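Protein chains in written order, with numbering that gives the first Met the number 0: chain S, 0 to 271; chain R, 0 to 587.
Hints in this document: simulated from the structure, not taken from any laboratory.
Incorrect hints may have been included.
Label pairs and their computed distance ranges (CB to CB) [stated by the list, open to error]:
#, chain 1, residue 1, chain 2, residue 2, range
1, R, A555, S, V238, 27 to 33 Å
2, S, V267, R, S587, 31 to 37 Å
3, S, G18, R, E393, 30 to 36 Å
4, R, M531, S, L7, 24 to 30 Å
5, R, L8, S, G141, 19 to 25 Å
Residues of chain R clear of chain S, computed beta-carbon distances all greater than 12 Å [what the hints assert, rightly or not]:
#, residue
6, I11
7, S19
8, M85
9, V106
10, E384
11, F413
12, F424
13, L438
14, P485
15, R533
The structure displayed is predicted, hence computed values, not measured ones.
Quick reminder that beta carbons are idealized off the backbone N, C-alpha and C, glycines included.
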Amino acid sequence: MIWVWILLAPLLGGLVYGGERVLRARMQRRQGPPFLQPFYDMFKLMDKRSLIVHAPHALLAVGHFFLLWVSVAAIFLGWNLLYIIFLHLFAQVVLILAGYSVRSVYSHLGANRELLALVAYEPILILVSVGFYLVSGSFEIGRILEGEGYLAQMPLLFAALLIIVPIKVKKSPFDVTEAHQEIVGGVEIEYSGVFYEFLYMARFLEYLFIYSFIFLFGGISYGVGAVLVAATFLLVNLVDNATARVRTGDMVKIVYGVAMSLAVINIVGILR
Amino acid sequence: MDLVWILVLLPIVASAALVSITSERVHYYLCSAVLILSGGTALTLYGSPEIFTFHLSSVAEGGIVVADVLLLLYFAYQGVKFKSRMVMILAVMQLLLYLFAKLISPVETAPEIVVDTLSKFMFLIINIVGGIIILFSIRYMKDESADPFKKRVFIAGLLFFLSVMNAIVCADSMLLFFLLFEMTTLSSYLLIAFRNDEISRSNALRALWMNQIGGVVILLGALVAISGFDTLSISELLEHSGQMVVLSVALLSMAALVKGASIPFDGWLLGAMVAPTPVSAMLHSATMVKIAPYLILKLSPALGGTLLGEFLSVIGASVFVAASYLALSRFVFKEILGYSTIALLGLMISLAAIGTESSISIAMVLILFHALSKALLFLAAGVLEKQYHVKSIEEMKGMIQRAPKTVGYIVFGFVSLTLPPFGLFMGKLFAITSVTSILHERPWLLIVLLGMIVGSVLLVLLYFKVASALLSHPSDTVLTKREHLPFGYHIPLILLSFLILFTAVGYTLVQNDRLLALFALPLLIVFLLPIMIRAMERYDRIQPYHCGEKESFDAALVYFEPSVFTQRLIYWGFGAMFVALLLAGALS
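Use the sequences and the hints to build the structure in full.
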């Protein structure tokens, strides 16, 4: 059964993404695209003629997508949280290398920003999993989901995680890696057709990846987890509509200054 | 024990032979023979569980004293000759301390030479990685503009250094250790000054005086051990307990920090990068600086769980972060590699000082994998320097078009330092797990954990920033020339790459963790790549999009320059911590 869910993961992420676009539109009092728009986009992209710059560049996008899929699969299977974070890191580096591998200024700019975003959120993810270990005694997701009371014991870590969610789902104030007008799509710019579709679907998987971390805070009561995810989803979109983009450097400073301090204070609290 | 003698004597014999023979082909044979023989010997030794001990004869003892005095007099002479007051003062200070220590030292009953598991492990790294680097240096020296005799002496010097390193990792007597420590300082000094221009000379002198500080603290540590327990043997010292042990261990750890070029002593290692590349690969990343984590590992029984050990591991972790950060402002490729070496040495020191069983084994694993990857990177840097005359990463933009193979090796080196499934990544992963698991008992290690996490991610930023300069390939419509890489350069690079792969697979298997197989996935992708690239031929090619601008590609690299104030803060902070280490030793 679980394998069916893993196979369907990109579709599941697509639904989340489609839902988000509708939600954001409603917040702005727009009609917005239909709920299934990501899938209409998919069919359209598959139909387009694919143009590539060079073979490794195109293949790295495919690699990025599959590695992300594997890390999401590992989450579904309840594996070690640290392994999953590093697998995700690998997927990210593949994307960054793709961005650097072409002679395009925008692609390079985008890759630089992806790299800095990675520097910002990676430590927080690891600290959150350290928090889970200290409370539950294991890095295994399967074991973590058997425990409870995470939110009560690690509220500040949850706050730290909330700060980095917008980076991963590319939402204001931390949507620097995308920043439409500024860098013309960043890493994505040199892709077209089916290869762009892979990057597009990779984004769906990112949603599942980061919201899984939120879900873990519910522990054994999946209902609480689901409520947390829904609340975060709303909050992130609300903040997205209400804030402007910050500079890349400021983003790193904010995450290191605020989120990191919150995480450390929380861990010290657990250790006492 | 005979096998150990092979390791110590074979390189000396080979170096003597090498100086007298001019034929390049013979050089290759000779160095390959050394690599195979001593590598094989090290492997055999590693396989046997025995611990050898050896007692030096009184003649050898006398020889050591003479060698030591001559060495220190030579240092003093260099100080006078090149008008370096620091070198002179420190040399005289060491000479006085040494003679005093010799005067009050007891008749030694403990064996001076002990070959334990740690020594055997170090043999493995020294002989295999060192051997490969020497093989590379033959071709490298061919391209160097220097007197042929001087070139031969250079290669012979590297061989000789191999035997010094083999000796130092089994020296158990502090005074013998001191002599060999000073010999590595001497090799470092001579090899940095090899090109004999103004900048080489001043950097060499700086390396000399900084390392001499290490010599001074070793002697002080020995004096404490003599006055406290009447012994010079490190293993005997560790059997005792009490304040004198802690003080002596603190002094020896300070020597390790100096040799490992921890901030504030990073200046000497950075300066050492003016030396020919094989020197940087061998002395300043793969073997000599590894004395630092080695020494801490040797002392770890007295460090684990103590205030001193905890403090040392905090220093190590801070160096890991600070050096990775400082590297972000550099643009000379070898200096970047140098700083990242300092950073990773800090990580190893930190893990070794924690002193639990798992952290010790992780530190050892890191020593091995770091030696392999950094040797590969330095050698590839050497190829870029000799074949394409580029040293700074600014000049390396788009290098993949001119040198696809070399750039491939460099990117592979970066990947092996940061990503799964390679050893260094695994080491960092297990380090995080290991530290987290003891966090409840030793909460101070949270600082170490933070250092590890932030430092690792800064290194990812650093390496892939450099990769961004190397990569950026034009559209497939532009033809790239095939790169011709001479055999003398190519073979060592291939050997190292295979070793990296091989050890990574081996380590994964040893861990016996089913989930780790997951990390083999990336390898699969790499092997499938050629087939997949062929399948891509059916897609049409385009030029990158430039928003309608005329094509002029020049993406800037990211640099993070710390302000002068921050820099001062870093140096004074680490300087204070270095001194505080002594206080921690004296007070606890």
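Hint-by-hint comparison with the structure:
In this structure the hint that A555/R and V238/S lie 27 to 33 Å apart at CB holds, the actual value being about 31 Å. One distance hint, 31 to 37 Å for the beta-carbon pair V267/S and S587/R, is violated here, with the actual separation near 24 Å. For G18/S and E393/R, the hinted distance range of 30 to 36 Å is not satisfied, since their beta carbons lie about 47 Å from each other. At about 25 Å, the CB distance of M531/R to L7/S agrees with the hint of 24 to 30 Å.
Separated by about 56 Å at the C-beta atoms, L8/R and G141/S break the suggested range of 19 to 25 Å. For I11/R, the shortest C-beta to C-beta distance to chain S comes to about 45 Å, beyond the 12 Å cut-off, and the non-interface label holds. For S19/R, the condition that its CB be more than 12 Å from all CB atoms of chain S holds, with the nearest at approximately 49 Å. The claim that M85/R is not at the interface with chain S holds, since no C-beta of that chain comes within 12 Å of its own (minimum 38 Å).
Remark: the non-interface label on V106/R is consistent with the geometry, its nearest Cβ contact in chain S lying 51 Å away (cut-off 12 Å). Here E384/R stays apart from chain S, with its beta-carbon at least about 22 Å from theirs, past the 12 Å limit. Remark: the non-interface label on F413/R conflicts with the geometry, its nearest Cβ contact in chain S lying 9 Å away (cut-off 12 Å). Not every C-beta of chain S lies more than 12 Å from that of F424/R, the closest at about 7 Å, which undercuts listing it as non-interface.
With 12 Å as the threshold on Cβ separation, the claim that L438/R sits away from chain S is violated: the shortest Cβ distance comes to roughly 6 Å. The claim that P485/R lies off the interface holds: its Cβ sits roughly 26 Å from the closest Cβ of chain S, which is beyond the 12 Å cut-off. The non-interface label for R533/R is inconsistent with chain S: the shortest C-beta to C-beta separation is roughly 8 Å, within 12 Å.
When the structure is compared with the earlier hints, violations turn up for hints 2, 3, 5, 11, 12, 13, 15 and for no others.
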